[in-house]
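Asks: As you go down the protein sequences, you meet chains S, X, H and G in turn.
To convert, note that position 70 of the first sequence is 70 in the working numbering; the numbers rise steadily by one, no gaps.
To convert, note that position 100 of the second sequence is 100 in the working numbering; the numbers rise steadily by one, no gaps.
To convert, note that position 307 of the third sequence is 307 in the working numbering; the numbers rise steadily by one, no gaps.
To convert, note that position 250 of the fourth sequence is 250 in the working numbering; the numbers rise steadily by one, no gaps.
I should point out that these hints are in silico values taken from the structure, not numbers from a laboratory.
Glycine is no exception: its CB is placed at the ideal position from the N, C-alpha and C atoms.
Treat each hint with caution, since some may be false.
To be verified - FRET-style restraints, in silico, Cβ to Cβ: (1) 22/H x 309/G: 52 to 58 Å; (2) 184/S x 325/G: 35 to 41 Å; (3) 107/G x 259/S: 22 to 28 Å; (4) 11/G x 277/H: 26 to 32 Å; (5) 208/S x 325/G: 42 to 48 Å; (6) 73/X x 286/H: 42 to 48 Å; (7) 159/X x 138/S: 29 to 35 Å.
As the list claims (entries may be wrong) - For lysine-lysine, the following DSS-like pairs were computed, each having C-alpha atoms within a straight-line distance of at most 30 Å: (8) 112/H x 312/H; (9) 87/G x 277/G; (10) 280/G x 277/H; (11) 312/X x 280/H; (12) 280/G x 280/H; (13) 277/X x 280/S; (14) 277/X x 112/X; (15) 312/G x 87/G; (16) 312/S x 87/S; (17) 112/G x 277/G; (18) 312/S x 133/S; (19) 280/X x 277/S; (20) 280/S x 312/S; (21) 112/G x 87/G; (22) 112/S x 280/S; (23) 280/H x 87/H; (24) 112/H x 87/H; (25) 312/S x 312/G; (26) 112/X x 280/S; (27) 280/S x 87/S; (28) 112/X x 87/X; (29) 277/G x 277/H; (30) 112/X x 312/X; (31) 280/G x 112/G; (32) 312/X x 87/X; (33) 112/G x 312/G; (34) 277/X x 87/X; (35) 277/X x 277/S; (36) 280/H x 112/G; (37) 133/S x 280/S.
The residues making up each chain are set out below.
There are 4 protein chains.
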Amino acid sequence: MSVAVGVIGTGVMGSEHVRILREETVGAHLAAVCDASEDRARAAAGENRVFTDALALINSDQVEAVVIAAPDAVHGSLVLACIETGKPVLCEKPLAVTTAEAFEVVEAEVAKGQRLVQVGYMRRFDPPYIEMKRVREVGGVGRPVILHNVHRNPVAPEWFSGHMSVTNAFVHEIDVSRWLLGSEMVSARVHAAPGADPLMITMETDQGEIVSTEVFMNCGYGYHVHAQLVGINGTIETASPGITLRNVSGQHNSSYPDNWVPRFREAYVRQMNAWVKAVKTGVPTDGASAWDGYLTTAIAEQIVATMAFDAKTHFSVGSRPAIYD
Amino acid sequence: MSVAVGVIGTGVMGSEHVRILREETVGAHLAAVCDASEDRARAAAGENRVFTDALALINSDQVEAVVIAAPDAVHGSLVLACIETGKPVLCEKPLAVTTAEAFEVVEAEVAKGQRLVQVGYMRRFDPPYIEMKRVREVGGVGRPVILHNVHRNPVAPEWFSGHMSVTNAFVHEIDVSRWLLGSEMVSARVHAAPGADPLMITMETDQGEIVSTEVFMNCGYGYHVHAQLVGINGTIETASPGITLRNVSGQHNSSYPDNWVPRFREAYVRQMNAWVKAVKTGVPTDGASAWDGYLTTAIAEQIVATMAFDAKTHFSVGSRPAIYD
Amino acid sequence: MSVAVGVIGTGVMGSEHVRILREETVGAHLAAVCDASEDRARAAAGENRVFTDALALINSDQVEAVVIAAPDAVHGSLVLACIETGKPVLCEKPLAVTTAEAFEVVEAEVAKGQRLVQVGYMRRFDPPYIEMKRVREVGGVGRPVILHNVHRNPVAPEWFSGHMSVTNAFVHEIDVSRWLLGSEMVSARVHAAPGADPLMITMETDQGEIVSTEVFMNCGYGYHVHAQLVGINGTIETASPGITLRNVSGQHNSSYPDNWVPRFREAYVRQMNAWVKAVKTGVPTDGASAWDGYLTTAIAEQIVATMAFDAKTHFSVGSRPAIYD
Amino acid sequence: MSVAVGVIGTGVMGSEHVRILREETVGAHLAAVCDASEDRARAAAGENRVFTDALALINSDQVEAVVIAAPDAVHGSLVLACIETGKPVLCEKPLAVTTAEAFEVVEAEVAKGQRLVQVGYMRRFDPPYIEMKRVREVGGVGRPVILHNVHRNPVAPEWFSGHMSVTNAFVHEIDVSRWLLGSEMVSARVHAAPGADPLMITMETDQGEIVSTEVFMNCGYGYHVHAQLVGINGTIETASPGITLRNVSGQHNSSYPDNWVPRFREAYVRQMNAWVKAVKTGVPTDGASAWDGYLTTAIAEQIVATMAFDAKTHFSVGSRPAIYD
């Protein structure tokens with residue numbers, strides 16, 4: 001009855017998935033953990049089985065479903081292995097590091113004829129984003145015209161390099177904007193501050209909406225994600241995540257988290273529980289599909305390819321296989 | 001491994017406990033439901049066993065632990081039955097409708113020599129209250145001097161009568177104030193608006209703090225619970241629970257819930273999960289004990305007994321048995 | 001055409017009145033300044049005439065109207081001198097340090113048969129308080145039931161002693177509560193934290209409203225005055241005075257002023273301009289009259305006289321002369 | 001001593017200037033009013049002299065300084081007339097409707113060798129903007145990287161047409177962005193929603209900052225102007241202008257004004273008082289000069305000229321005459 005889940009990767013994100021499976025997931029249990037470092041895997045696994053070979057975990061008959069939180073570079077190949085074995089997989093974003101590999105995943109899933117892949121764009125499970133989408137759908141602010149996104153990180157991680165503010169951070173905005181608006185992105189333009197941080201990226205959608213996003217990897221003050229949807233009758237935006245307010249030292253204040261884990265704790269928990277339910281029922285969640293993951297990677301890659309030219313990028317992404325309708 | 005829980009009562013609160021046990025509780029499962037109305041019980045129970053006799057549920061060997069959400073009048077006797085069978089019980093507040101009966105529970109538990117009772121003062125599991133307590137404990141606002149509580153309900157339920165704004169609503173403030181401050185209440189004074197709604201109740205603690213509470217059962221605009229702890233260096237308060245903000249019709253606004261269920265959804269979930277963990281480990285949670293439940297009922301009763309006299313009530317509550325240390 | 005105003009006292013408050021008369025007052029000009037210290041008076045006076053004897057300023061034919069910002073102890077006698085000469089006077093609160101002396105002022109004004117005195121309870125000119133009063137008057141929140149006041153000062157001034165938190169600070173709440181509610185206060189009870197700071201003072205009005213006030217002279221974090229009016233359909237409260245918001249060092253914050261001058265800058269300016277207009281037209285403003293000043297002093301004095309006894313104080317204040325209708 | 005001011009135009013803005021001169025301006029008085037409609041002029045003028053010919057007012061020896069609030073089309077020629085007579089002029093924005101005419105004003109002023117013109121970009125006198133600029137100047141949020149502006153109007157006025165959202169509304173953002181950042185704008189790109197409302201305009205500055213602005217003339221919900229300055233250490237933004245907060249009908253809310261007059265009331269008053277002081281002392285204020293007015297008009301005109309082409313506009317504006325240093 002309870003789904004046996006194997007987790008690949010025990011970094012910040014993998015450890016949080018392990019914790020969620022242990023403490024906050026209904027209908028599933030942690031069955032195995034894999035990490036290249038056996039020590040780390042063992043530390044995370046507790047009483048559970050340990051692997052150092054991801055494929056071995058995927059193919060283990062003690063694992064019914066897989067969570068991938070390994071380095072980005074291996075996402076694509078591990079997801080392909082899961083599809084091959086027919087096991088449902090929740091893969092941390094991005095689905096793959098190249099559009100080509102992401103499309104291979106789509107093709108594999110289409111060939112398999114079965115939806116097995118969910119990509120971990122967890123904002124789709126964040127209560128404020130869900131409330132915004134619901135209000136948009138019932139017309140609560142009128143037809144959308146602009147979506148303002150702000151994605152701020154206090155200090156870029158050490159491993160951050162190149163165009164990761166697009167491929168690692170902005171991808172969240174691509175996915176959540178498509179989902180919130182129910183539109184497809186058709187073009188983008190990038191304005192970069194000196195040092196390429198922050199970026200201001202302006203996308204247009206197939207419904208004529210404008211999606212304006214600030215991505216700032218070194219904003220200094222805290223982890224801060226904000227979205228405001230502007231419709232022709234009003235706006236709706238995410239509220240500050242602070243749960244208490246303080247008066248101290250001449251100031252009225254609330255706190256920002258240091259990183260995304262506390263900000264999106266509830267979204268991760270809901271994502272896992274929804275995924276487990278989908279694994280059991282076979283009915284996909286409202287989470288990101290392989291197609292969504294492919295699209296996001298494709299858009300990010302095309303932005304990166306052209307952002308140096310100070311021109312508008314018109315996205316080219318192909319058409320959606322029927323399995324994703 | 002998974003604790004078999006029986007739920008007594010399927011009103012608003014009981015139904016929410018059933019839902020939480022089904023969807024958001026780790027390590028336990030719904031095993032049986034009891035309601036005087038067999039139809040209601042069956043509707044709530046799903047595939048699970050149905051009882052119309054609460055004692056039968058308590059004594060059923062298919063039930064390992066009990067949640068009581070029956071009418072207030074039977075809380076005390078059902079808790080006593082649970083103690084007798086040696087089964088852990090999470091009882092909705094109040095523990096009993098009279099101080100005498102609440103004290104019987106304490107005596108029964110002491111006689112049994114085992115902590116079996118948790119009272120559902122769920123604010124102890126609410127993240128903003130937890131954050132306030134943590135900040136208080138580390139001295140973040142200095143020594144506390146005042147705690148301001150506001151407890152507002154849009155419209156009093158039909159069954160509300162007599163002094164229920166004290167015995168049914170204010171009891172939350174008694175419990176959470178003791179817990180937040182780590183102090184004992186020693187006296188109270190009541191000021192009543194015409195019609196006895198709202199009340200302003202001022203309590204003093206054994207540490208010299210002042211606890212000032214507005215209880216308003218018909219505030220008109222929404223369900224709104226707020227607390228601000230004032231220390232000698234600053235204040236900390238619960239933030240507005242709105243998760244989105246809107247600009248519409250000339251206004252910037254956020255919403256209040258209609259009642260306590262959405263406001264304290266997360267608190268109820270955390271309470272249930274903590275209680276299940278305590279059932280398994282035998283280590284009591286930070287939730288309210290039978291002693292806490294007794295104290296709250298005793299204080300409420302003494303306030304009710306004297307509030308007509310426009311005088312200060314000095315509480316008399318006896319001393320705490322060692323089992324509750 | 002322009003009213004020649006003499007200012008008595010050049011402390012923090014007197015200097016601010018001088019500045020307002022110079023820079024932000026229409027229809028009046030600074031004509032003379034008086035201070036016991038001739039140097040201070042001269043520094044404040046600029047090109048204007050300097051006095052060290054307050055009565056000389058009051059009687060000077062170069063002065064048409066008088067602002068009193070001298071030490072509290074001489075307020076009463078100076079106001080009496082102004083009435084005697086028939087010159088309009090804006091006197092900083094309190095009107096006098098004893099009820100008896102304040103009543104002498106009332107009697108003198110009644111004998112003169114002319115309204116000459118305005119007491120500087122400037123909150124009546126503060127835009128947020130004005131908006132609250134207007135909303136109350138049009139029934140925007142329904143019949144009032146509670147008024148919550150918070151009066152916090154970062155650190156008590158050195159000269160603060162005895163019961164000044166009542167006679168110097170709480171007097172503002174007495175006056176503004178009467179004005180906001182349009183009610184008369186009939187009783188009070190005081191709860192004091194250790195060291196008598198903060199105080200929680202609960203007053204009842206002749207309309208059955210409850211006025212609950214925290215006065216905290218050493219709150220540590222800043223100057224913070226707040227009021228929330230609770231009606232049977234909703235509430236209205238003063239918003240935070242911060243005009244910008246910041247995200248820095250892990251926090252979202254706005255600032256409190258250090259003291260009352262910046263918080264009530266606009267109120268003081270409006271009070272002065274309204275008073276000057278009243279001087280010209282002979283029609284009293286909505287500011288505090290001598291009767292209001294007397295009542296506030298009387299209530300404060302009766303609270304002080306009985307607060308040690310842990311009992312309810314029933315105010316005794318006499319009836320209002322017709323001149324104040 | 002008191003400056004005799006003549007006001008040209010008695011529409012919404014002109015009437016407000018008349019009111020401010022009468023009620024809230026120190027050191028000046030209303031001396032004359034001009035409107036094409038003699039009746040409207042007389043209604044506004046009270047006891048003062050009435051003109052229907054603007055040039056007659058400008059040349060009247062009873063007028064020492066001029067406020068222009070006439071239709072945009074005549075701003076340029078009236079300002080030129082003021083320069084010719086050597087009278088200081090506060091001209092509502094825009095300085096002129098074409099770049100060429102605005103440059104004529106600059107040339108005339110340079111030829112006169114005397115700074116006589118101030119353009120009514122009143123946000124430079126708005127307390128929140130002033131606080132943001134001060135914090136920016138002292139490095140309070142670090143080196144600026146982005147400025148986000150939002151300019152929302154509930155419903156476009158009837159006379160709004162063509163590109164007025166750039167030439168009439170966005171001009172405020174051009175001016176205040178230059179002033180806030182102390183930078184010059186070098187390019188712009190425009191994204192337009194269907195119907196060209198709202199617009200998203202992204203400008204780059206000579207310091208590498210990005211200025212991102214939403215201009216929405218029919219936002220539906222109220223008049224809402226907001227700015228957030230993002231620096232490398234933090235952000236600072238304008239707070240909500242609500243002075244009271246309400247809880248009613250399930251919501252916590254504050255109000256937006258219907259138009260710019262209440263939002264910028266204090267800015268207009270401060271602008272007028274600063275201008276009067278400058279008229280008296282001959283020292284220009286921190287307000288917009290003719291050069292600033294010219295630049296803003298030139299930038300707006302160049303944006304309008306190219307916005308249809310979906311390309312980046314590189315501004316060409318010439319160099320600043322020494323008189324404006």
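Asks: Looking back at the hints listed earlier, which ones does the structure fail to meet?
Replies: Of the numbered hints given earlier, those the structure breaks are 2, 3, 6, 8, 11, 15, 16, 20, 26, 30, 32, 33 and 36, listed in rising order.
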